[in-house]
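Enquirer: Sequence:
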Amino acid sequence: MTGTPTIGIDLGTTNSAIAHAKDDDINILPAATGDRTIPSVVAFEEKSGEALVGRQAVNQAVAHPDRTVFAVKRFMGTEETILLGSRECEFTPEEISGLILRKLKRDAQAYLERSIENAVITVPAYFNDRQRQATKHAGALAGLEVDRIINEPTAACLAYGLQTAQDKTVLVYDLGGGTFDSSLIEITNGVFEVVGTSGDTRLGGNDWDALIVEWLEDRIERDHGISVADTPLAEERLFDAAQTAKHELSNRHATTITIPFLEHDDGTSDIEQTLHRDTFEEMTQELLDTTIERCETLFDQAGYDRSEIDEILLVGGATRMPQVRRRIKDRFGVEPSKRINPDEAVAIGAAAQAAILDGELLPGQWSQTHRRTQPTELSPTSASDNVVLLDVTPQSFGVELIDRETYEPYYHVVIERNSPIPARNSYMTTTSRDNQTEIEIPVYQGHNDQLEENEFLDSFELGPIPQRPEGVPNIEVKFMLDENGILNVSARDVDHEIGDAIEIQSVFGFTDDELSVMQQNLPEIK
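Start counting the sequence shown at 1; every next residue gets the next number (this note's numbering).
It is worth saying that the hints were derived from the structure and are not from the lab. It is possible that part of the hints are untrue.
Derived DSBU-like pairs (lysine-lysine); straight-line CA-CA distance at most 35 Å [what the hints assert, rightly or not]: (1) LYS526 / LYS136; (2) LYS338 / LYS136; (3) LYS478 / LYS136; (4) LYS168 / LYS338; (5) LYS338 / LYS22; (6) LYS329 / LYS168; (7) LYS136 / LYS22; (8) LYS47 / LYS168; (9) LYS168 / LYS136; (10) LYS47 / LYS526; (11) LYS168 / LYS22; (12) LYS526 / LYS22.
Label-pair distances were calculated between CB atoms; the ranges are [unchecked claim]: (13) LEU112 / ASP66: 33 to 41 Å; (14) GLU514 / LYS168: 44 to 52 Å; (15) VAL494 / ASP449: 22 to 30 Å; (16) ASP24 / ASP230: 50 to 58 Å.
Virtual Cβ for every residue (Gly too), placed ideally from N, Cα, C.
Throw the hints in and build the complete structure from the sequences for me.
Expert: Right, here's the structure in full:
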C-alpha cells in the first residue's frame, strides 16, 4: 500500500468505470470527456501508431472495424490473440484490457491531480483462476498494483449496503454486456457473506444484440435479396444499429431501424425495419430463460428457498431491459430494488473495498450504524471495523490422481465450490510405482466428476525424493486460495521434509519479465 489513493475499477465488457472514496463519500470519477463511464473499446491508429480508447475508438469503429476491438473481456484468460489494422498488429486480451485500464487511470489522475498506483478491480464472480490472473496482469500493464480482485455481485451488494442499515438476504442478478452472474449474499451486522454464486462468462447483453443482427440479416435478405453476413463494414453497422434498437426498446414498444447505404457485394442499399418489443422479447426469451436457470441452480446449491429473499439487486446495463425486471419479479415474487445505479454500483463497491483496504471509514449511514465496538477474528483492525466481506469460490479446485487398483486417472476435489475465501485444504498422496523419484501434481478447476471435463490450470513436480517402494512415501499437498480467488499449491515429502510450491499460473500466463516488456511495447494512448 502506498500514500497514493486506491481506486475502484469496474472493468466491464461494454463499459468501464472508476470510483474513489473521499471526504465521507464515494464518487464516480468522470473521464476526460465528462462521461461517467467509458466504452470498453480499443482501436489502433495506423499512421501514428497510437491507441484510441473509449469514445474515440467507438467513433471510428464503423469506418475501421478491422482496427477496432470490442468486448475483449470475453477473451480474458485465453490464448486468443487480436489482430488489428492492415499491418495486423498482434495484441493479447491482457494488453487490450491494460490499455482500457491505462486510460481510466490517466483520466482519474488528471481529475484528482494525484498519482494513482493501486487499485481494486472487479471481475465476474464466475471468472476462473486464469481469468483472474489475466485481470491482474492487465492491471500491471496499466502500471497498477492490484491490491484486490473482488467479485462484481459482491461489489454491487456492498454499494447497496452503504445505503441501508438493515440485515437482509440479497439476490444479486448481474447481467453485463458479456457475462452473467447471480449471487446470494447475507448482510448481517456489517458482514457481507456470499453463500453461493452461479453464472456464465459467455452470456450477456451482447447476445441480445447478436439476435437482433440475425433478425436484421434475415429481413434484409428477404426484402432486398442480398446477404451482408460476410461484409465486415456492414456487420459493424448492423451491430451498432442493433445495440441502439435494444436501448430504445427499453423505453418504447417499437423502434424503426434505419441504415442508409448499407454496403454489400452488389453496392449499397437503404435499410429500414421496424422491430416491436414483443418480437424482440420473444426471440430473446431463451437467453433470459438461461439466466433464470442459473439463479435456480444457485438456490438449489445454497439450500435456500425463494421466499427467503428480502431484496433483489439488478446490476449491469442489460438489466434495463423491461423483460428482465418483469421476469425476475414474476419468478421470485420480489420487486427488484431501484436503490442502486446498475451502471455504477460495481465501481462504487470496488471503491468501498479500496477504502477498507486503505483503513478509511466507509461513508454515510453504514459507518454510523454498523461500526463494531469490539474487534473480531475477521476484522481485527480499524481498516475493517465497519464491514467484513466473506466471498466464495464459484468453482471447485482439485488434482488428477491415479487409482492404485485400475491405474486410471480420476479427479479429486480439494477445495469445494462455494467455499468461503480465503480457503485452504490439504490431502495425502503417494507414489504409483516403485522407486519413483518425482511426483507430478496436475491442478484442475471445475466440479465435473469426469477429469477431462474440468479445466486444466497448471502442473508442477515434487522431487527428487528418495527411492522407496510404491505407496510408501507420504506426500502432503496443500491448496491455498487467496482473497483474490488465486490459487497457490505446495507439496512436501513428510518423511524427508522435501518441499516445493507454485502459484498457479495459466498455461497461457506471463512472467514478470514478459509483462515488463509488454508494458514497454504497448502503444501510447492518444
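Enquirer: When you check the alpha-carbon spacing of LYS338 and LYS136, does it fall within 35 Å?
Expert: 32 Å, holds
Enquirer: LYS526 and LYS136 were given as a pair; does the straight-line alpha-carbon distance stay at or below 35 Å?
Expert: The given pair, whose Cα atoms are some 24 Å apart, holds under the 35 Å limit.
Enquirer: Compare the distance between the alpha carbons of LYS338 and LYS22 with 35 Å, and conclude whether the hinted pair is satisfied.
Expert: 24 Å, holds
Enquirer: Is the straight-line distance between the alpha-carbon of LYS168 and that of LYS338 35 Å or less?
Expert: Between LYS168 and LYS338 the Cα gap is close to 16 Å, so the pair holds against 35 Å.
Enquirer: Taking only the CA atoms, is the gap from LYS168 to LYS136 under or equal to 35 Å?
Expert: With a Cα-Cα distance of about 32 Å, the restraint between LYS168 and LYS136 holds, given a limit of 35 Å.
Enquirer: Hint check: LYS47 vs LYS526, CA-CA at most 35 Å. Holds or violated?
Expert: The given pair, whose Cα atoms are some 12 Å apart, holds under the 35 Å limit.
Enquirer: For the pair supplied as a hint, LYS136 and LYS22, confirm whether the alpha-carbon distance does not exceed 35 Å.
Expert: Between LYS136 and LYS22 the Cα gap is close to 25 Å, so the pair holds against 35 Å.
Enquirer: Between the alpha carbons of LYS329 and LYS168, is the straight-line distance 35 Å or under?
Expert: At roughly 18 Å apart (the allowed maximum being 35 Å), LYS168 and LYS329 satisfy the hint.
Enquirer: Is it true that the C-beta distance of VAL494 to ASP449 lies inside 22 to 30 Å, as the hint says?
Expert: 29 Å, holds
Enquirer: Within 44 to 52 Å or not, the Cβ separation of GLU514 and LYS168?
Expert: 45 Å, holds
Enquirer: Using the Cβ atoms, figure out if LEU112 sits within 33 to 41 Å of ASP66.
Expert: For ASP66 against LEU112, whose Cβ atoms are near 36 Å apart, the range 33 to 41 Å holds.
Enquirer: Quickly compare the C-alpha distance for LYS168 and LYS22 to 35 Å and report which way the hint goes.
Expert: With a Cα-Cα distance of about 27 Å, the restraint between LYS168 and LYS22 holds, given a limit of 35 Å.
Hint 8 from the list above is the single one not met by this structure.
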